[in-house]
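Trainee: Its first residue numbered 393, the sequence shown is counted upward by one per residue in the numbering used here.
A few of these clues could be false.
Said to hold, decoys possible - Each pair of labels, with its calculated beta carbon distance range:
1) E412 <-> S439: 31 to 37 Å
2) Q419 <-> G487: 18 to 24 Å
3) T456 <-> L423: 16 to 22 Å
Bear in mind the hints are in silico, worked out from the structure with no lab data behind them.
Please read all numbers here as calculations on a predicted model, not as lab measurements.
Yeah, the Cβ is synthetic: ideal placement off N, Cα and C, and Gly gets one too.
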Amino acid sequence: MTVQSAAPKPGPTTGVPSVEDARRLAQMFQLFADATRARILYALLGSDELCVNDIAAALDVAETSVSHALRLLRIAGVVKNRREGRLVYYSLDDGHIRMLLSTSIDHLAHLSRG
393 MTVQSAAPKP GPTTGVPSVE DARRLAQMFQ LFADATRARI LYALLGSDEL CVNDIAAALD
453 VAETSVSHAL RLLRIAGVVK NRREGRLVYY SLDDGHIRML LSTSIDHLAH LSRG
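Whole structure, please, built from the sequences with the hints as guidance.
Mentor: So, in structure tokens, the structure goes:
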């Protein structure tokens, strides 16, 4: 009978995410890797909530493109929506997304100074 030593499981205790968590993280960053989606997120960062028309006008992008991007971001849990009559308003889902975007802006500013 062979006894195998138990290697530490990757995870919070070792600082290395599990394979599944790393996959989910990579998928989230892939969402941010699209310029239109990134611009939508930054527009939402600067506002409590916006409707598709407002986002499309601010970014000078077709409403259909904005709607499609928001759908992907909503499914991924990055943005949430609220319906008021015929309009649907979008906002960032939580403070973690706000912090991630704010930190990214700070990092870009750091890179441009350096």
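Trainee: Hint by hint, say whether it matches the structure.
Mentor: Consistency of the hints with the structure:
In this structure, E412 and S439 meet the distance hint of 31 to 37 Å, their C-beta atoms being roughly 34 Å apart. At roughly 21 Å, the beta carbons of Q419 and G487 sit within the given window of 18 to 24 Å. At roughly 18 Å, the beta-carbon separation of T456 and L423 lies within the given 16 to 22 Å, and the hint holds.
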